[in-house]
Amino acid sequence: MRRALAIIVAAVVGLLAVSQIPPADVRAPDFEIPVSGIDGATGDPSAWYCSWAAAGALRDTAFNLASIIDVDATITLPNPNPTEEPALADFSLRGPGARSIDEGGIVRHGTQPGIIEFDDGPAVATTATWSEEILTGDRCVVSVPKEWHLAGGVTAEGFTLQLQLFNPFAEPAKVTIETISEFGRSTLSGFESRDVPGRSWVTEDLSRLIPFLDIVTLTIRSESGIVIPSFVLNDGTDEASWPATGQSTTWDFPVTSLPGLEPTLVLSNTGSVGATVSIDLFTPDGPILDADGRIISPLEPTRIHLADLAEPPFALRVRSNAPVGAIIQAAAPGAFPRSDDAPPGQSDSDSGDDEETTTTIAPDATDDAASDETVPEEEEVTPFTFTGLAAMPGNTDTHERWLVPGLGIVPGADTSIWVLNPTGDDATVTVEPLGVSSNNVEKVLIQPGRYAEIPIAPLSETGNSAVLIDATVPVSVAVSIAGPQGVAFIGGIGIG
Amino acid sequence: AIPALLPWLTIADLERFVTSGDAFWVIPIVTAIAATTAAALTLIAAPHRLALLAGWGAITAAGGALLARSYGLGAGREVGAVGRTLVAVGMAIIVGASFETITRVREIGGWRRLVAGVSVAAAVFLVATSAATLPGGRAGYPADAYRDAFTFTAARPGDPSVSRILVVGAPSELPGDNRMIGGAAYRLVSAPMPESWEALLHEPRAGDDAFAVTLQTIIDGETTRAGELLAPFGVRWIVILSDTEDDMFARAWMNVFAGQLDLVPLGGGLAYPTFENEADDAVRALSDSGEAWAHVATGYEGKPEFGVALEVRDNANARWGPGDWEQIGWANGTSASAGWVGFDPIESRRWLAIAAAGWMLLLAGAAWAGRRFA
Chain A
4 MRRALAIIVA AVVGLLAVSQ IPPADVRAPD FEIPVSGIDG ATGDPSAWYC SWAAAGALRD
64 TAFNLASIID VDATITLPNP NPTEEPALAD FSLRGPGARS IDEGGIVRHG TQPGIIEFDD
124 GPAVATTATW SEEILTGDRC VVSVPKEWHL AGGVTAEGFT LQLQLFNPFA EPAKVTIETI
184 SEFGRSTLSG FESRDVPGRS WVTEDLSRLI PFLDIVTLTI RSESGIVIPS FVLNDGTDEA
244 SWPATGQSTT WDFPVTSLPG LEPTLVLSNT GSVGATVSID LFTPDGPILD ADGRIISPLE
304 PTRIHLADLA EPPFALRVRS NAPVGAIIQA AAPGAFPRSD DAPPGQSDSD SGDDEETTTT
364 IAPDATDDAA SDETVPEEEE VTPFTFTGLA AMPGNTDTHE RWLVPGLGIV PGADTSIWVL
424 NPTGDDATVT VEPLGVSSNN VEKVLIQPGR YAEIPIAPLS ETGNSAVLID ATVPVSVAVS
484 IAGPQGVAFI GGIGIG
Chain B
43 AIPALLPWLT IADLERFVTS GDAFWVIPIV TAIAATTAAA LTLIAAPHRL ALLAGWGAIT
103 AAGGALLARS YGLGAGREVG AVGRTLVAVG MAIIVGASFE TITRVREIGG WRRLVAGVSV
163 AAAVFLVATS AATLPGGRAG YPADAYRDAF TFTAARPGDP SVSRILVVGA PSELPGDNRM
223 IGGAAYRLVS APMPESWEAL LHEPRAGDDA FAVTLQTIID GETTRAGELL APFGVRWIVI
283 LSDTEDDMFA RAWMNVFAGQ LDLVPLGGGL AYPTFENEAD DAVRALSDSG EAWAHVATGY
343 EGKPEFGVAL EVRDNANARW GPGDWEQIGW ANGTSASAGW VGFDPIESRR WLAIAAAGWM
403 LLLAGAAWAG RRFA
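Protein chains in written order, with this note's numbering: chain A, 4 to 499; chain B, 43 to 416.
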């Protein structure tokens, strides 16, 4: 009897023990590094990575800073020799305010990416680089994802394409780069687990590595460490640089071209299924919704010559049912290879004729003999045109407030702010200058589905190098800088 | 013996003692089957008194297993330890009864002898599995996994004992207790090698709360200079412990620290991913003249400087001294004049401890005398 009792008691207690519930099995933490939007700034301390900048005998670069509140900023310029100390420069901004810092005043090492750290925010940074022959500029990057997309590369004859990989961190990075071109997808030779030393950068001439490609999209994945990539494209007349981005279902381009330049839109899809894309144009006469629609296949990046859709200028919105990459590029007509399907009734040769005619608008755009013949006739139509090459990733979000630094800083160049109102309501846009004086606040009314160009006076006249834009509805903002050196488009940075 | 426990019983937070940590022992299935077989068959086959003994052993082992797995009932780590001890005691009783049963040739025969033989086989298996831990020289305790993780600090420039190591990883990977943030574990330990008394962590206090806030700031990506934020806590190194290459915790922590401008990853074949803080003054006690003080035992030692203040970056407590004390945020301000600082003991508790030690000696003496002269 006692034996049985002992067996029963032990069995019951043992079963109770077996039936106990274990602690929750936690297999992963619930945090990950938040990735900021590429065109947004937060109210926190931030570090902005400017991948393409250069200050040397021929080139100058300005780091353009703007802030809503009082902030201290530190610019760090890593030494080309990573074992040596970087150059540092500290600045203070009284907010709301802006400053434009000459990189050459800190150090002149030639190509020299930089890091701009703000101890508070919202504060933003862009760069502008120019010489007597080129003009380019970028929105600096505040997010640091492990995977980047760089669309819009061209290595066709006449173009020089460089890939800049900037590793601002101490940890060496190991990256693998995948190329998608008109010939499909492949790993970039020499970039399978390529090392990028910490606090250093690598500049690779893709024109020699993958020559004669009309359209190149890169996917850059970091196996370890982090890099900030950018493309630098030169067509012999000018240079354009643009940072890598993520992919998005919406891209806004408040500026797509300037007089004398033909806009093209590059779309790429690195997903696994085709993306159905619609293009809305916002012209001075009103919006043209669904001006173009097409399916972007995963392995077929596409260049769309926007002048085939409507007469520039216009702003543009790309809508897609799947994330895609989008870059606007503007250059002299005919500069970019034609790989897209021309609209019905228009052959490639037809468009070529158009290009010839349009090209002649710019007196200095080409030395084509055919162009010279039509110069007198075209000068009557367009009194002033620009030559050069500009490129810019779009804005993925609309905001009611934007900080726009780097205005009027390039000697001899014209600067304009472009504001797109993609909404169905009127937008009243308040433009407050930042810098020496916040006087002369300007108000601009933008009708629904329209855009506005707001010319900005040079820094040397006003002492102001940025504006704070406050709109009554969410808008999208970009900057154009155009001068005898070339042209540049710079995406805006929204702050809320 | 109760008076010997008085210092502990009167001071310790007993509720925290029994609930801190998780009581959950994962029973190895083969061992469980062997133990159940040995207990059940001994109960069936053994003579009456031995069977009752085995019964008590089985109840003790089963009760111990219940305690050791009582996380769901709110029990903590210490209760779990008691449970596992009871399991060991119960199993010893069962094994002893089983071996004794097979020697009772006159009392056990026929089918009961066959059953007793199977019971002994199971008992032999239990003894063998226990003995298998002996050749390793650690009696079943975990391997010394942390020596390789921390010894590198002694090879780094400067005195490692002036700084701390932030250890992060999965909850089960860290030495001793850990604190949790976002489902992952972290804790601070002394460099170059943690002391054994650092294993258990106390309730979070002001400095611990400030450190948690700082770590959350870093995790949230609100800074790119984590080193500057960690330096005031004396953190010069960060070690990410991981057991496998695809450890999600290690990967998440790597992502947190890889994007920081002032944290340098250390290579050189270290056992675990390790970062060094480049920020200035990542020390745990710092004088106003910039002298870092070394951590010695439970206090600090450094260059004596008259009229110079010393910041001790431990939880604020007025017992830090000698000299005047002031609270600096979550830390302590005192004087560098003596060349050492320490935590002033609580006299009443010290006397209680001394009295308890005396009482223990008295008990031992009485026990010896009782046996000697009885």
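Rather than coming from a laboratory, the hints here were simulated on the basis of the structure.
Incorrect hints may appear among the rest.
[Claimed, not checked] Cβ-Cβ distance ranges computed for the label pairs, FRET-style: (1) B:ASP322 <-> A:ASN84: 20 to 26 Å; (2) B:THR340 <-> A:SER441: 53 to 59 Å; (3) B:LYS345 <-> A:GLU195: 36 to 42 Å; (4) B:LEU243 <-> A:VAL439: 51 to 57 Å; (5) A:GLY108 <-> B:LEU312: 39 to 45 Å; (6) A:GLU195 <-> B:ARG247: 32 to 38 Å; (7) B:THR340 <-> A:SER275: 55 to 61 Å; (8) A:ASP33 <-> B:ARG198: 56 to 62 Å; (9) A:ASN84 <-> B:ARG247: 52 to 58 Å; (10) B:LEU243 <-> A:ALA27: 33 to 39 Å.
Given the structure is predicted, the values throughout are model-derived calculations rather than measurements.
Cβ atoms here follow ideal geometry from the backbone N, Cα and C, with glycine treated the same way.
Here's how the hints hold up against the structure:
no. : hint                              : verdict
1   : B:ASP322 <-> A:ASN84: 20 to 26 Å  : 23 Å, holds
2   : B:THR340 <-> A:SER441: 53 to 59 Å : 58 Å, holds
3   : B:LYS345 <-> A:GLU195: 36 to 42 Å : 54 Å, violated
4   : B:LEU243 <-> A:VAL439: 51 to 57 Å : 55 Å, holds
5   : A:GLY108 <-> B:LEU312: 39 to 45 Å : 41 Å, holds
6   : A:GLU195 <-> B:ARG247: 32 to 38 Å : 51 Å, violated
7   : B:THR340 <-> A:SER275: 55 to 61 Å : 59 Å, holds
8   : A:ASP33 <-> B:ARG198: 56 to 62 Å  : 33 Å, violated
9   : A:ASN84 <-> B:ARG247: 52 to 58 Å  : 46 Å, violated
10  : B:LEU243 <-> A:ALA27: 33 to 39 Å  : 21 Å, violated
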